[in-house]
Each structure stands twice: as structure tokens, then as C-alpha cells.
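Number of protein chains: 6
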Amino acid sequence: TILVDVDGYKTAQINALAILDVGDYTFGKPSRITVTTSSGRSGIINIEREVQMSGKTHSKGILIIAGYISEVFAQDMPLTLNATICFEQLYSGIEGDSASAAELCALLSALSDVPIYQGIAITGSVNQKGEIQPVGGVTKKIEGFYYVCKKKGFTGNQGVIIPHQNMKNLVLCDEVIDSIRNGNFHIWAVKSINEAMEILTGKSFDEIILLSKQKLKKYLDNLTSIGQPSKEKEG
Amino acid sequence: TILVDVDGYKTAQINALAILDVGDYTFGKPSRITVTTSSGRSGIINIEREVQMSGKTHSKGILIIAGYISEVFAQDMPLTLNATICFEQLYSGIEGDSASAAELCALLSALSDVPIYQGIAITGSVNQKGEIQPVGGVTKKIEGFYYVCKKKGFTGNQGVIIPHQNMKNLVLCDEVIDSIRNGNFHIWAVKSINEAMEILTGKSFDEIILLSKQKLKKYLDNLTSIGQPSKEKEG
Amino acid sequence: TILVDVDGYKTAQINALAILDVGDYTFGKPSRITVTTSSGRSGIINIEREVQMSGKTHSKGILIIAGYISEVFAQDMPLTLNATICFEQLYSGIEGDSASAAELCALLSALSDVPIYQGIAITGSVNQKGEIQPVGGVTKKIEGFYYVCKKKGFTGNQGVIIPHQNMKNLVLCDEVIDSIRNGNFHIWAVKSINEAMEILTGKSFDEIILLSKQKLKKYLDNLTSIGQPSKEKEG
Amino acid sequence: TILVDVDGYKTAQINALAILDVGDYTFGKPSRITVTTSSGRSGIINIEREVQMSGKTHSKGILIIAGYISEVFAQDMPLTLNATICFEQLYSGIEGDSASAAELCALLSALSDVPIYQGIAITGSVNQKGEIQPVGGVTKKIEGFYYVCKKKGFTGNQGVIIPHQNMKNLVLCDEVIDSIRNGNFHIWAVKSINEAMEILTGKSFDEIILLSKQKLKKYLDNLTSIGQPSKEKEG
Amino acid sequence: TILVDVDGYKTAQINALAILDVGDYTFGKPSRITVTTSSGRSGIINIEREVQMSGKTHSKGILIIAGYISEVFAQDMPLTLNATICFEQLYSGIEGDSASAAELCALLSALSDVPIYQGIAITGSVNQKGEIQPVGGVTKKIEGFYYVCKKKGFTGNQGVIIPHQNMKNLVLCDEVIDSIRNGNFHIWAVKSINEAMEILTGKSFDEIILLSKQKLKKYLDNLTSIGQPSKEKEG
Amino acid sequence: TILVDVDGYKTAQINALAILDVGDYTFGKPSRITVTTSSGRSGIINIEREVQMSGKTHSKGILIIAGYISEVFAQDMPLTLNATICFEQLYSGIEGDSASAAELCALLSALSDVPIYQGIAITGSVNQKGEIQPVGGVTKKIEGFYYVCKKKGFTGNQGVIIPHQNMKNLVLCDEVIDSIRNGNFHIWAVKSINEAMEILTGKSFDEIILLSKQKLKKYLDNLTSIGQPSKEKEG
Ligand SMILES: [Ca+2]
Ligand SMILES: [Ca+2]
Ligand SMILES: [Ca+2]
Ligand SMILES: [Ca+2]
Ligand SMILES: [Ca+2]
Ligand SMILES: [Ca+2]
Ligand SMILES: [Ca+2]
Ligand SMILES: [Ca+2]
Ligand SMILES: [Ca+2]
Ligand SMILES: [Ca+2]
Ligand SMILES: [Ca+2]
Ligand SMILES: [Ca+2]
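Residue numbers (our numbering), protein chains in the order written: chain A, 1 to 235; chain B, 1 to 235; chain C, 1 to 235; chain D, 1 to 235; chain E, 1 to 235; chain F, 1 to 235.
Hints are not guaranteed to be accurate.
[To be verified] Computed beta-carbon distance windows for the label pairs:
1. N182/F - D174/D: 53 to 63 Å
2. K191/F - K152/C: 52 to 62 Å
3. G43/A - D76/C: 53 to 63 Å
4. K213/C - D206/B: 49 to 59 Å
The set of hints was computed from the structure by calculation and includes no laboratory data. Backbone N, C-alpha and C fix where the C-beta goes; we use that ideal spot for every residue, glycine too.
Could you build the full structure based on these sequences and the hints that come with them?
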């Protein structure tokens with residue numbers, strides 16, 4: 001069963017091309033990551049880690065995302081956020097940081113309510129500054145997503161976002177190369193989470209950040225209003 | 001001894017068709033799940049997990065439910081909820097996420113005070129967006145609940161809610177098929193928690209959500225009033 | 001040495017007929033459970049568990065009690081309670097949930113300050129809704145308490161509360177049967193914690209709940225008054 | 001080296017006759033227990049337990065003391081107390097609950113600032129209601145303290161407090177019996193912590209409780225004044 | 001792939017010459033450390049430690065940094081800081097405290113927003129007083145960074161900061177010695193974190209501390225404003 | 001390399017003569033202990049313990065210090081202190097409580113800002129009442145410090161503080177005895193932390209306590225001012 005969508009827009013949902021750990025064998029199957037955000041003080045919750053299904057480098061990747069989010073959003077206000085990041089229908093554990101760019105994109109979509117095009121999958125890790133870093137198995141991951149799209153039907157807008165450093169290592173098969181040349185399938189090489197988000201959403205990164213800040217401000221106001229009723233009520 | 005009810009309405013109680021882990025053998029016996037909710041800050045408490053009787057995927061399922069609840073209810077106010085989810089009279093541990101839809105339904109019943117018809121059992125997992133996902137052993141689970149109802153007496157309204165994706169795999173025995181054809185027993189295939197709750201309660205999902213929000217607002221007011229005495233006392 | 005009382009009224013103290021784990025052998029000796037309650041935010045503390053002397057199902061039983069208490073008392077105010085539940089002079093660990101009804105009764109006695117008659121022992125588990133559930137070894141437990149009373153002296157009011165579901169399994173010896181027939185010893189079969197409390201205390205359950213709510217309100221006021229000095233001081 | 005005092009009054013310090021665990025051999029050497037109390041929210045801290053040198057039943061004993069303290073002092077105000085209980089110069093770990101009465105006495109001395117006569121040692125456990133319970137090795141413990149006093153010099157006021165239930169098991173040597181008969185050494189059998197404190201301090205238990213409540217009220221005021229400066233300062 | 005920059009200025013980023021643990025073999029490769037800071041109460045977060053990839057002495061080094069930061073910045077206000085320290089693209093774990101001076105420099109850069117020249121790498125440990133302490137493998141580390149600069153292109157400003165105590169042990173190869181003599185490469189021996197920061201940033205240490213205090217005051221004001229809305233809003 | 005100073009005054013720094021655990025062999029080398037203090041709520045942090053490099057009795061010693069500090073300083077105000085205690089440049093773990101007097105002295109120096117003369121080293125444990133208790137290996141420790149001073153140069157003011165109970169066990173070599181007789185080196189036998197601090201600092205203990213209280217009051221005011229803006233701002 002293919003569990004991912006490869007067309008349409010969804011908020012807080014993304015197709016990551018992660019390395020899945022299924023015992024001796026690893027492969028680059030697209031996985032659906034979902035994120036929820038809400039008012040609270042728990043920060044970013046890696047659901048896989050809570051149940052001991054997250055490897056050390058995957059966990060490190062989520063901590064790096066948390067560092068990035070704090071740097072971007074918690075300079076002029078504290079972060080009063082609960083965000084849960086989940087690999088849906090994954091029962092085998094997740095290793096490596098090659099989904100961290102995907103996880104950050106899904107989180108930014110959840111925060112901004114800007115939907116992500118499900119026809120574009122992404123692989124790559126991200127550092128605390130939002131720069132994309134290279135990962136392994138990119139050729140296999142691109143081909144994997146290509147065949148999922150082929151089976152479910154090409155839209156002409158589908159493709160994969162990869163780290164710019166991995167561009168030089170690609171050795172794609174002829175079918176995928178032809179499809180890219182014909183404009184039926186796409187590869188985007190990116191240097192930053194900014195670029196990736198703009199490709200995935202069609203919106204400017206500035207707008208996404210602005211919308212996210214508005215939601216985080218609302219979450220903060222929710223908590224502030226508990227301790228401090230508004231003047232209107234008291235007047 | 002059959003420990004479940006198969007008729008009548010009960011709040012915060014449901015018959016789940018989960019895979020029980022009894023050593024080498026697993027089976028699809030109906031289990032009674034109960035939920036309590038109250039004013040507090042502990043969030044959703046998986047009682048089985050607190051005593052190391054919850055497998056990783058069962059625990060992941062409860063975390064996904066918590067993500068869903070936060071997304072739905074904690075946008076305009078923080079969640080100030082204690083909810084305890086319990087498999088009653090289960091001493092052997094619980095594995096798998098095939099009861100997560102049942103657990104979420106029981107929690108929504110507890111939050112809204114809308115009762116659930118005990119003649120309908122449910123199997124299926126749920127994702128952070130409230131979508132129902134397929135599970136294993138559905139045929140065996142349906143037949144298991146059918147025979148419990150048969151022993152305790154058919155009401156004509158009994159049946160099982162299953163994930164829509166599992167519909168194509170069903171290979172039911174003749175007796176159950178006949179009973180379904182005759183309208184004595186039912187199978188409902190659902191895509192979302194919304195559909196499941198409407199079948200289990202006979203109420204609209206919007207009403208259930210509204211009632212739940214009212215209770216959560218009351219719980220929040222309980223906590224707010226500690227830090228902030230009401231105007232009446234001060235006037 | 002027999003460490004329990006079998007006559008007189010005591011608050012927050014009960015004779016439970018639990019299964020004690022003493023290595024290879026288990027038996028149904030009466031055990032004294034005591035409870036303290038006080039103003040605080042720690043909730044229900046299972047002392048045996050704090051020192052790793054509580055088996056998984058015993059611990060689950062206490063969590064179920066906590067769920068029940070939250071459902072009953074924390075709808076219109078948060079619970080600001082410390083309650084410590086202790087098996088006095090027990091050094092060998094406790095397993096099973098057959099004392100959970102006893103533990104809940106002792107807790108309700110502590111909360112309401114309504115004393116429990118020490119001549120009545122109890123066995124049975126309780127679910128989150130306050131319903132009594134069947135347990136094992138009931139015959140042996142009844143006979144065990146009978147002989148303790150016999151040694152310490154019958155009062156005519158002594159006996160054992162058991163789950164109604166266990167009534168059909170009793171195979172008591174002639175002496176106990178005769179004693180029951182003569183009205184020297186009693187067996188009460190109950191369906192709910194409400195019934196059990198009324199038998200143990202001679203008070204109505206509604207009164208016990210009302211008194212408990214008053215104490216919990218006092219505990220809450222204690223904490224509220226820290227953050228908010230009374231008007232008198234400020235005026 | 002004998003590390004204990006056997007004359008004079010000291011606050012928050014007591015000679016306990018505990019069973020010390022030194023590998024294969026256990027003995028009843030007097031040990032100095034000290035307690036500190038201060039303003040805070042950490043409750044009763046068992047220093048031995050913090051460093052994994054406290055056996056399960058010793059730890060249970062301290063939790064029972066905490067239950068007693070909460071019951072006695074936290075009905076009309078929350079407990080805002082840090083108390084550290086320590087076996088001074090003990091490097092080998094402590095097992096059993098036979099020092100729990102001593103620990104509670106030292107804690108009450110610390111809370112009330114009422115000094116304890118160092119010539120009287122104590123053995124016995126205490127339950128959540130403040131009742132003294134029997135312990136093992138009482139004969140050996142009494143003789144052990146007798147010889148320490150003999151070596152350091154009899155004052156005529158020295159002796160040991162024991163649980164009343166242990167009185168019937170005493171098989172003391174002739175020298176100790178003679179000394180007791182001559183009024184040079186004493187044994188007090190007690191039923192409650194109240195009795196023990198009155199013997200150790202020469203003060204009424206009511207006064208000790210009153211003084212303790214005053215200190216606990218002061219500790220609470222310390223914390224309250226942080227969040228809420230008094231009107232006087234602001235006026 | 002060489003993952004570090006060796007020219008230009010970057011805030012909150014530094015090239016550390018740490019001992020990396022790759023099984024049997026350790027080496028002095030330059031590693032990029034990044035830091036984020038934000039408003040919060042979590043203090044200094046060692047990301048490697050959170051995922052069990054930090055050895056004991058590395059973890060001790062970060063705790064010493066936290067002690068230094070508290071001593072310098074938390075005398076007249078509490079520290080309300082989240083800071084995440086991360087070895088980017090390091091998957092093998094980090095051992096030893098020879099990067100602690102680098103980590104503290106990156107943290108001070110993040111706090112002050114004063115950028116660090118990426119052409120200068122640093123090795124050395126720091127104590128709670130900000131004094132630099134000697135480390136091992138300094139010769140190898142200097143040569144390692146020299147060859148990275150050579151490959152990426154000399155700027156004439158590049159070099160390595162080392163503990164003054166290590167100066168006497170250096171046995172550099174002729175090429176590096178010549179390069180230093182010719183002013184193409186530099187070695188700075190320092191006694192304190194103050195000296196190191198001035199070399200790395202070209203700014204006075206007093207200015208860096210002042211800017212850091214301003215940011216920490218802003219972070220504190222962010223949190224204070226939650227509990228206490230400003231007068232302006234209320235007026 | 002000798003890493004300690006043996007002359008001059010330093011605040012929050014002391015030379016402890018502890019037993020270091022280096023596998024099979026233990027020795028009495030002087031170790032530099034540093035302490036930082038700051039505004040906060042974390043209490044006394046044993047850095048060695050945080051990284052699992054502190055043995056049980058060393059950890060117990062720090063908890064005893066915390067008890068002493070609470071007793072002395074947290075009667076009329078809560079303790080709002082972070083203090084980090086660190087053995088600098090120690091990578092091998094620390095066992096035993098023979099440095100606890102040193103640790104408490106360094107902490108009191110940090111709290112009072114009264115400097116400690118670095119030419120005087122100290123060994124000894126301290127109880128919750130501030131009394132000095134005997135330790136092992138005193139002869140070896142004195143001689144060890146004597147030779148460090150000899151190598152670095154005698155000042156005439158150097159020496160070692162030891163527990164008074166250890167005075168009778170000293171078997172010093174002729175050179176050290178002669179040096180003491182000639183007034184070139186000193187041994188001070190102390191009964192209390194008060195005496196030790198006066199020797200180390202040349203200040204009265206009362207003044208040290210007074211200065212410490214002033215700093216702790218400042219730390220408390222820092223935290224209080226967050227929740228409660230000063231009147232000036234509001235006026
Ligand atoms: Ca959303
Ligand atoms: Ca690009
Ligand atoms: Ca309810
Ligand atoms: Ca349907
Ligand atoms: Ca009571
Ligand atoms: Ca009945
Ligand atoms: Ca005191
Ligand atoms: Ca008596
Ligand atoms: Ca920054
Ligand atoms: Ca220099
Ligand atoms: Ca200082
Ligand atoms: Ca002296």
C-alpha cells in the first residue's frame with residue numbers, strides 16, 4: 001500500500017525521503033510526516049523519541065530544529081509552543097538526520113498555516129542556522145519517489161528537493177533523466193530552508209515567517225490571559 | 001467471563017477490538033476502555049504506559065491522539081486537562097495502535113459527555129489529522145465481537161466500525177455475512193474519527209466538538225480562578 | 001503477631017484482604033492500609049511504588065483510583081491534594097489489584113473524615129467508574145479474616161465485603177457458613193464503591209462525597225491564599 | 001571511635017539504634033541522625049536515598065514520616081518545607097525501618113527547636129498515624145547503648161526508648177538489669193511518637209507541635225512574601 | 001568534504017579543534033560549532049549530551065561554561081536563557097574538554113551578536129573563572145587546520161588560538177613554522193577567554209560583555225512582560 | 001604540571017587535599033576546587049555528580065553541605081541560589097567526603113566574596129551542623145602539600161587545616177616537623193567550619209555570614225523583581 005499523497009496541498013504534512021531502518025535493510029521510501037502545533041510550554045516533541053523509536057542522529061536533528069526555531073522566533077518573546085512531529089504509520093524506528101529539513105518544513109507549514117504541495121518530496125538535513133546539509137542515498141530516494149508518482153499518476157509539477165551539495169553525486173537512470181528533461185518531473189537543489197519552503201508552498205519565506213510569528217503571538221496571548229485577565233473584563 | 005457490555009449507552013466507555021499480548025498468542029477480544037477527564041495540567045495519561053504495560057506502538061498511538069487533541073482544542077486557549085485512558089481488567093499488556101481510534105472516541109465522549117452505544121465496537125488507528133488508518137486482523141476481530149453479541153443477545157443495532165482501507169481484505173464466515181445481510185449485525189467502514197463518532201453516538205461531530213470545548217473552557221476557568229479570584233469576591 | 005484491629009472505628013484506615021507476595025507462597029492475610037491527605041499538588045502517592053515494592057497491576061490499580069478521584073472531584077475545581085497510600089508493616093511487596101477497592105475506601109474515609117468500622121475487611125478491584133470488579137482467592141481471604149476475628153473475639157458485626165461477581169464461586173467451610181447463618185459473621189456482595197463505603201461507615205455515600213468536597217475545597221483555598229492574600233489583610 | 005554524644009541537649013540531633021548493613025554482619029550501634037529544616041518546596045529529603053545508600057524499607061519509613069507530617073501540619077496550610085535527614089558519618093548504607101521513630105523525633109526537634117537529651121537513644125518504627133510499631137534486635141540494641149554510656153560515663157538519666165510491643169521479648173544481661181533496677185539506666189516502652197518526644201525533650205507534645213506550626217507558618221510566609229510583598233512595605 | 005569556513009565573519013559559529021572519537025582512532029579535525037540563544041528558562045543545552053553523544057569530560061566542560069556564564073551574568077538578574085550548543089554534522093560523539101573554550105566563545109558571540117572570524121580556529125579548555133587550561137594534541141591540531149586553510153586558500157589572517165601552557169610543547173613541521181615566520185599563518189597563546197574573544201572578534205571583551213548583558217536583559221523582559229503587562233498597555 | 005596556586009588570595013577557590021581515585025591507586029594530591037554562585041533556583045550543583053564522576057560518599061558530602069547552607073541561610077527567606085562546585089581539571093572521578101569542608105569553605109567564600117589564602121590547603125569532612133569530622137590519609141596529605149609548597153617556594157604562611165580528631169594520628173617525617181617547628185609551615189586543627197574559614201580568610205566568621213546573607217538577599221530580590229516590578233516603574 002502506498003500511504004502518501006502525491007498531489008494537492010496539505011498543511012502541516014510533507015513527504016520525506018528518509019532512510020528507514022527495517023533490520024538489515026534500509027531504503028528511501030517516502031514517509032508522511034505530520035506536525036501539530038498548539039498553545040503550551042512543552043516545545044518541540046519528537047513522537048518517535050518519546051517511544052524510543054528515534055535513533056541518536058534523528059533525535060539530534062530535531063534538537064537542531066528546536067535551536068533554529070528558538071533563534072528565529074524567541075528573541076522578542078518566549079516560545080509558548082507545543083509541536084508534535086510524527087512519522088505516520090511508521091512502526092520500525094527512524095535513524096539519521098536526512099529528514100530534518102522535511103520536519104522543519106512541515107513545522108513551518110503548521111505554524112504559518114501555509115499548505116505544502118504534496119507532489120514535492122524532500123531530503124536533506126538542516127543546521128541551527130537553517131542551512132541545508134548533504135545526506136546519503138539521494139539517487140535512490142529520487143528514483144523511489146519518481147516511481148511512486150508514476151504509479152499514482154504524474155501531474156507535471158512533481159519532483160524532489162535535495163541539498164545543493166548532493167547535486168554532483170547524482171547518477172539517475174535514463175527514465176528519470178528523460179522525465180526531468182521533458183518537464184514531467186523536477187529536481188530542486190537548495191542551500192537553505194528558505195528556498196525549500198518557497199518551492200514547497202509557492203509563498204515567500206518572509207510571509208511564512210510573519211504568519212508563524214502571528215500564530216506564536218496568539219499562543220503566547222492564550223497563556224498570558226490565564227494569569228492576567230484583560231482590562232476589558234475588569235473594567 | 002465476558003467483561004463488556006454490548007447494549008446501552010455509556011459515557012467515556014468503549015469496546016475496542018485490540019490485539020492483546022498474552023505471550024505467544026494474540027487475539028482480538030473486545031476490551032473495555034474507559035477514560036476520565038478532569039481539570040489539571042497533566043495532559044493525556046496512558047495508564048498502561050505508566051506501569052510499563054504499553055508497547056511502543058500503543059504508546060505512539062496515544063501520543064498521536066494527544067497531538068490531534070492539541071491541534072483541535074488548543075489553538076485559542078491552552079489545554080488544562082487531565083485525561084486518563086485505561087484498558088480495564090487487562091493485566092497482560094497492550095501492543096499495537098489498532099485501538100487508537102477507540103481510545104480517541106472514548107476521550108471525545110468523556111470530554112463532551114455524549115454517550116457511546118456499547119453495541120458497536122471499533123478497530124482502527126488514527127493519525128494526527130483524525131484520519132483513520134488500516135490495521136491488521138480485522139476479519140478475526142469482527143467475528144470475535146459477533147460471537148460475543150450472539151452469546152449476550154442480538155439487539156439488531158450491533159456491529160463493528162473498521163477502517164475503510166480494510167474493507168477490501170474482509171473474508172468473513174457465512175454466518176456473519178448472513179447476519180449482516182439480514183440487518184442483524186453491521187459493519188461500518190470509516191475514513192475519519194468524525195464519521196466514527198457520529199455512528200457511535202448518533203450525534204453530529206460538530207456538536208461533540210462544541211460540547212468538548214465547553215468542558216475544556218470550564219477546566220481552564222477552574223485553574224484561572226485560583227490565580228485570579230472572581231470580581232465578586234473583590235468588589 | 002496480628003497487626004490489625006477487628007473492632008472500633010478508625011478514620012483513613014482499613015483492613016484489606018490482598019494477595020501478599022512472600023516469594024513462592026501467596027496468602028490472603030488481612031493488611032492494614034492507612035492513608036493521609038493534605039494540601040498540595042502531588043496527587044495520589046503509592047508509597048509502595050515509590051520504593052519499588054509495588055507490582056505493575058497494583059500500581060495500575062492506584063492509577064485507576066486516581067482517575068476515579070479526578071472524575072468525581074476535579075470537574076469544577078482542580079485537585080490540590082497530596083494523598084499517601086501505605087500498606088503498614090509490609091516489607092515484602094504487593095502485587096495484584098485486589099486491594100484497590102480497599103485503598104479507595106480508605107482514601108474516601110481520609111478525605112471525608114468519616115471513620116471505617118475495623119471489623120469489616122474488604123477485597124475487590126475497582127474501575128475508573130467506581131464499579132467493583134471480581135478478584136481471585138476470595139474464599140481463602142474470607143476464611144482468613146474469619147479466623148483473625150475468631151482469635152481476637154467476635155463482635156457480631158464483623159465480616160467481609162466482596163465483589164458481587166465472586167459470590168457464585170464461594171466454597172466456604174462449614175464453620176464459616178454456620179457462623180454466617182447465625183449472624184455472627186457477614187458477607188456483603190457489592191457492585192460499586194458507593195455500596196462498600198455505606199457498609200463500612202454506616203453513612204450515606206452522598207454525605208461522604210460532600211464532606212470530601214469540603215475538605216478538597218479547603219485544601220484549594222490553602223494554596224490559593226498563598227498567591228492571593230485575603231482582602232482583610234489588604235483593606 | 002565512638003562518634004555519638006551520650007549527655008547534654010542538642011536540637012535536631014538524636015541517637016538512633018538502627019540496624020547497620022556492613023556486608024554479612026549487622027549490628028545495633030548507635031548512630032547520630034541530624035536534620036536540617038528550611039524554607040522551600042522540596043519536602044523531606046532522605047540524604048541516604050539521594051545517593052543510593054538507603055534500602056527499600058528505610059526509604060519507605062521516610063515516606064511514612066512524610067505522610068505523618070503532611071497529615072499533622074498540612075491541613076490548613078500547604079507545607080513549604082525542606083528537611084534533610086542524614087545519618088552522619090555512615091558510609092555503608094542503611095536498611096530497615098527501625099530508625100523511623102528516631103528520624104521523626106529529630107525532625108520534630110528541628111521544626112520546634114526543642115532540644116533532645118542525647119543520653120536517651122531510641123529504636124522503633126512509626127506508622128502514618130504516629131503509632132510506634134515493633135522492630136527486631138531490641139535486646140542487642142539496648143545492651144549496645146548501655147556499654148557506650150558505660151564507657152563514656154553514666155549520668156543516671158540515660159536509657160533507651162523502645163516500642164511497647166517489644167517489651168515482652170527482652171532478654172537483657174544481668175548487668176543491664178541491675179543497672180536499670182538501681183536507676184542508673186532506663187528503658188521506656190512507648191506506644192506513640194507523642195510519648196517518645198515527651199521523654200526525649202521533657203516538653204509536652206502539644207507545645208512541640210505548636211512551636212513546629214509556628215516555624216512552618218514562618219517558612220510559608222517567607223515564600224508568600226516573594227510573590228506578594230506586604231502592604232506595609234508598599235504603603 | 002571540508003565542512004568548515006576558513007574566511008569571513010559569522011555570528012555564533014566557530015571552528016573548534018576538538019578530539020573526535022571515531023572508534024579506535026582520534027584526530028584533530030576542525031569542527032563547526034554553532035550556538036543559538038533565545039528567551040527561556042532551560043539554560044545551556046548541550047545537544048550532543050541530550051542524545052547520549054557527549055562523553056563525561058565534554059559534558060563537564062559545558063557545565064563549567066554554565067558556571068562561568070552564571071557568575072558573569074546572573075549576579076544582578078536571574079538568567080532567563082535558552083542556549084543550544086551543537087557540533088554540526090558530527091555523528092560520532094565528542095569526548096574531552098578541549099573544545100570548551102571554543103564553545104564558550106561561540107556562546108559569547110551568540111549572546112553579543114559580535115561575529116567571529118572563521119579563519120581562526122581555537123583549542124583549549126576553560127575553567128569556571130574563564131582561565132584557559134592546557135589540552136592535548138595541540139601540534140597535530142595546528143597542522144590540521146593549517147592544511148585545511150592551505151587547501152581552501154590562505155588569507156594571511158588565519159591561524160589557531162591555543163592555551164599558553166601548551167606553547168612550550170609545540171613541535172611544528174618546517175612548512176608551518178615558515179608560514180608563521182612569513183606572517184601567512186598565526187598562533188596565539190592565551191591565558192583567558194577574554195584574550196581569545198578579542199583575537200577572534202577584533203572587539204574589546206568589555207563591549208562583548210556589555211552587548212551580552214543587553215540581550216540577556218531583553219530576554220528577561222520578554223518573560224517578565226508575560227506575568228506583568230507594561231503600564232503603557234494598561235494606562 | 002602542578003595546577004594549584006600556593007600563594008595569594010582568590011575568591012571562590014581553594015586547595016583541597018582529597019583522595020583521588022585513579023584506578024587501583026589513590027593519593028592525596030592538592031586539587032583546585034572552584035565555586036560559582038548566582039541568582040536562581042537550582043540550589044547547589046555538584047558538577048562531578050552531573051557527569052557521573054562523583055562517588056556516593058562524595059555526593060553525600062555535598063548534600064550535607066546543602067543541608068548546612070539551608071539551615072544557616074533559609075530560615076527567614078527561601079534560598080534562591082545556583083551554586084556550582086567543581087574540581088577543576090579532574091578527569092578521573094572523586095570519591096569520599098574528605099573534601100567536603102574544603103567545598104563548604106569555597107562556597108562560603110563565593111557567597112561572601114571574601115578571598116581565601118591559596119597557601120593553606122584543607123582536608124576534612126563536615127556534618128550538617130558545621131562540625132568538622134575526621135578523615136583518612138592526613139599524614140600523606142600534609143606531606144603532599146608540603147612538597148608542592150617547597151617546589152613552588154615557601155612563603156612562611158603556608159600550611160594545612162585538618163580535623164582536630166586527626167591530630168593524634170599524625171606521623172610526619174622529620175623535614176615537615178622541622179619546618180613546622182621553624183614556623184615555615186603550619187598545621188591547624190579545627191573543630192568547626194567557623195574556625196577553618198577564619199584561618200583561611202583572616203576575617204571573622206560572623207562577617208562572612210553577614211556578607212553571604214547580603215548576597216543571598218540580592219539574589220532573592222532579583223527573582224522577586226521579575227514577578228513584581230518596583231514601585232518606581234508603577235508610580
Ligand atoms: Ca494548525
Ligand atoms: Ca537553488
Ligand atoms: Ca466526565
Ligand atoms: Ca463511510
Ligand atoms: Ca485527616
Ligand atoms: Ca449488594
Ligand atoms: Ca533549625
Ligand atoms: Ca508508656
Ligand atoms: Ca542570535
Ligand atoms: Ca597572550
Ligand atoms: Ca562571585
Ligand atoms: Ca582549634
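Right, here's what the structure says about each hint:
1. N182/F - D174/D: 53 to 63 Å: Given a distance of about 58 Å, which is inside 53 to 63 Å, the answer is holds.
2. K191/F - K152/C: 52 to 62 Å: 56 Å, holds
3. G43/A - D76/C: 53 to 63 Å: 31 Å, violated
4. K213/C - D206/B: 49 to 59 Å: 34 Å, violated
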